[in-house]
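Chemist: Each chain is listed here by its residues.
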Amino acid sequence: MCAAIPVTAAIQVSSLSKRYGTISALDDVDLTVEAGEFFGLLGPNGAGKTTLISIVAGLVRATSGRVAVLGHDVVQDARAARLALGVVPQELAFDPFFTVRETLVFQSGYFGLKDNGAWIDEVLENLGLAGRANTNMRALSGGMKRRVLVAQALVHKPPVIVLDEPTAGVDVELRQTLWSFIRRLNREGHTIVLTTHYLEEAQALCQRIAMLKAGRVVALDSTRALLARVAGLQMTLRARGALPASVIAHRIDERDGAVLLRLSQPTDVAQVLNDCAAAGCVLDDVEVGRADLEDVFLQITSDVASVRHGVAA
Amino acid sequence: MSSGEAGLARVQAEGLPRPVAVIAESSAVVAFRTLLLKEMLRFWKVSFQTIAAPVLTSVLYLLVFGHVLEKHVEALPGVNYTSFLIPGLVMMSVLQNAFANSSSSLIQSKIMGSLIFVLLPPFSHWQLFGAYVLAAVVRGAVVGAGVFLITVWFAPPTFSAPLWSLVFAVLGAALLGSLGLIAGIWADKFDQLAAFQNFIVMPATFLSGVFYSVHGLPPFWQAVSHFNPFFYMIDGFRYGFFAQSDVNPWISLAVVVAAFLATAAAALGLLARGFKLRQ
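First to last, the protein sequences are chains A and B. The first sequence begins at 235 in the numbering used here and counts up by one. The second sequence begins at 11 in the numbering used here and counts up by one.
Please note that a few of the clues may not be correct.
[As the list claims (entries may be wrong)] Facing chain B, from chain A, some residues (calculated, C-beta under 10 Å):
1) V294
2) A314
3) A327
4) V339
5) Q341
[Unchecked claim] Think about it this way: if two alpha-carbon atoms lie no more than 27 Å apart in a straight line, the pair counts; the simulated DSSO-like pairs of lysine-lysine are:
6) B:K199 <-> B:K286
7) B:K286 <-> A:K379
8) A:K379 <-> B:K120
9) A:K379 <-> B:K199
10) A:K348 <-> A:K379
11) A:K348 <-> B:K55
12) B:K55 <-> B:K199
13) B:K55 <-> A:K379
14) B:K286 <-> B:K120
15) B:K199 <-> B:K120
16) B:K55 <-> B:K120
Since the hints were derived computationally from the structure, they do not count as laboratory data. Owing to the predicted nature of the structure, the values given are computational and were not obtained by experimental measurement. Don't be surprised by glycine CBs; every beta carbon is placed ideally from N, CA and C.
All chains, full assembly: derive it from the sequences and hints.
Modeler: Take a look at the structure:
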């Protein structure tokens, strides 16, 4: 039996802060992404996710603290750190002068690689771009441009891949193609860091998740452990007539005229229905489901709303 | 087992993946060459706008000014005005297009957001400077050669000391390429870049002796011209054609080299600091 090989963390963030004048975008963030992990970085808009990724990528300079990629400091040892990293930026950017293949060949060359055609072909094939390889970037749809952004990040086959909202505004087909390819890379040992607003994607893909709010890490745990924080069931009721007090006691929210209840065990469902019937409530719609990452996200981000001070949202 | 667990297990058992880009195999020369090639292809792909248009503009200058002033001006002894004008127009094209190449490439990629593709890879500031400036020199040379080839029809060329012309063309293009780099880094919008071009590069070019010899100017403006580095570039370039100049070519060379070194140092400093490139 082989002994396990000690592996440096894929990304090590230590006491990282970033201020823009009086605004604090990141405030003393500590975070470790292990090599080989599929890691989620979640948070509301303005939480500091993109700032954190930009510092890791060397696009933004930290006010204080340290970041290392596979043990290489992103400032002191920037060359090695950048070679180890592939980043899919959030903004849809492209160079209008070139075709898809030219764009990838150039990006590969920027990382010092020549004769990289076989891998470029594989990336094109796996992202459904093979048929558009010789199309000018200007002629591509938004979704296709997004695929090229992903391909550009993968073109030097980096051990650490950061995807900043890679599926924002793209169709189901790309999502499935992309996740299938990214999962394969992860199985082969590539570390994946994902930020997304599609929480079901994060729940399905990520092994561990960090939640950021107002520049601070407010939760960092395995996806399983985070889901366990919000135990029980969620019931949505659309009813005519006043709900009885026993049902109101379970209420957590109200959306579009429907009442959201959190129930601790399945037997509570029957109890709620019985109480509604006894109170003369007419139920137009009832939906029961397990709590998901969205519930965890909402709970955690709302719970910590008051604990931060002097930090910009 | 989820993909994340499988990835972790694999890394723990076999170590990190062996990417195509094994760090030691990454070549700085390949990276530099690729950026240079991309910058040259960028202007070549729109050559109608970046080469043909400036050549046409220069030919129009030659037609209009040459025709109107041919019989009225003798800028240098024994040299007719059209012949005198050609080296000036060639050098003006070289300088303006070298500036346009590096500055427009940078501002365009900043505004389009595609600069990120150059900022993410491990380029040093020397590589960035070298690739952008060399591409600017190439575009300046291509446009300059185009202007020269067409103007040959208007006056047979004379090359009294061609090496001087070559040296001044390359140095001048490199200087303006560096200046374009500074302007492109500094400007956030196209109109800021246009201001740089219209209020600095254009006046300095037109007041450099492209269309006249500074000896024809009043003493005050002659003195002012000697503070304009563009004057030395044009004068030195023209010396290669006629072995005559307003200023000793060695003095011009010294001024142009000093101006290039100063501009290059400034551009390299901005790139190294990541001024307006990395927040």
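Chemist: Now tell me, hint by hint, if it's right for this structure.
Modeler: Here is how each hint holds up against the structure:
1. Contact between V294 (chain A) and chain B, as hinted, is supported at the beta carbon level, the nearest pair being about 5 Å apart and thus within 10 Å.
2. At its closest, the beta carbon of A314 (chain A) sits 6 Å from a beta carbon of chain B; the interface hint therefore holds under the 10 Å criterion.
3. Hint status for A327 (chain A) relative to chain B: holds, with the closest Cβ pair at about 3 Å, below 10 Å.
4. The closest approach between the C-beta of V339 (chain A) and any C-beta of chain B is roughly 8 Å, which is under the 10 Å cut-off, so the hint is satisfied.
5. For the restraint placing Q341 (chain A) at the interface with chain B, the shortest Cβ-Cβ distance is roughly 6 Å, inside the 10 Å limit, so the hint holds.
6. For the hint linking K199 (chain B) to K286 (chain B), the alpha-carbon distance of about 12 Å falls within 27 Å, and the restraint holds.
7. With a C-alpha separation of about 26 Å, the suggested pairing of K286 (chain B) with K379 (chain A) holds against the 27 Å cut-off.
8. Restraint check for K379 (chain A) and K120 (chain B): the C-alpha separation of about 18 Å stays at or below 27 Å, so the hint holds.
9. For the hint pairing K379 (chain A) with K199 (chain B), the CA-to-CA distance comes to about 24 Å; that is within 27 Å, so the pair holds.
10. Between K348 (chain A) and K379 (chain A) the CA atoms are separated by roughly 24 Å; this keeps the pair inside 27 Å, and the hint holds.
11. Under the criterion of a C-alpha separation no larger than 27 Å, the hint pairing K348 (chain A) with K55 (chain B) is consistent with the structure, at around 22 Å.
12. Using a Cα cut-off of 27 Å, the hinted pair K55 (chain B) and K199 (chain B) holds, with the two alpha carbons roughly 23 Å apart.
13. Simply put, K55 (chain B) and K379 (chain A) have alpha-carbon atoms about 20 Å apart, close enough for the 27 Å limit, and the pair holds.
14. A distance of roughly 10 Å separates the Cα atoms of K286 (chain B) and K120 (chain B); the hinted pair therefore holds under the 27 Å criterion.
15. For the given pair, K199 (chain B) sits about 9 Å from K120 (chain B) by alpha-carbon distance, which is consistent with the 27 Å threshold.
16. Note on K55 (chain B) and K120 (chain B): the hinted pairing holds, with a Cα-Cα distance of about 19 Å set against a maximum of 27 Å.
Comparing the model with each numbered hint stated earlier shows that all of them hold.
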